[in-house]
Amino acid sequence: MKVVIEFYRTRAQDSAHAVVGRETVEVNDLDGAIEMARALAFSLDMPQRPDALTIADAEGRVLLSGAFDSFQRSDEGTTP
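According to the working numbering, the sequence shown is numbered sequentially starting from 1.
Treat the hints with care, since some could be wrong.
Listed next, with one range per pair, are the computed distances between beta-carbon atoms [claimed, not checked]: (1) Q13 with E35: 27 to 37 Å; (2) H17 with R61: 12 to 22 Å; (3) Q13 with E59: 11 to 21 Å; (4) E26 with V62: 24 to 34 Å; (5) Q13 with A58: 13 to 23 Å; (6) D14 with R49: 13 to 23 Å; (7) D69 with L30: 23 to 33 Å; (8) A39 with A67: 25 to 35 Å.
Taking lysine to aspartate or glutamate and the EDC-like style, the derived pairs with C-alpha atoms no more than 20 Å apart in a straight line are [to be verified]: (9) K2 with D29; (10) K2 with E23; (11) K2 with E35; (12) K2 with D69; (13) K2 with D31; (14) K2 with E26; (15) K2 with D57.
Just so you know, these hints were derived from the structure itself, not from any lab.
For glycine and all other residues, C-beta sits at the position ideal for the given N, C-alpha and C.
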């Protein structure tokens, strides 16, 4: 399935967010999309380190969204 992964920074005072990276990728399922997001967080050249992400399907329906730290594996730490 085709998904769009957006990485963004949030502003604490009003929860506004700015997209710092976006990629469209082909994956098998949501777990594959999460793994791809983890890999892209380390490899994409983004102007700032993201603190949250959204994964949406090709029609724009949000499949997963939240703070980046909640998607980290325990052996990765918290730095994307």
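What hint numbers does the structure not satisfy? Hints 3, 4, 5, 7, 8 and 12 not satisfied by this model.
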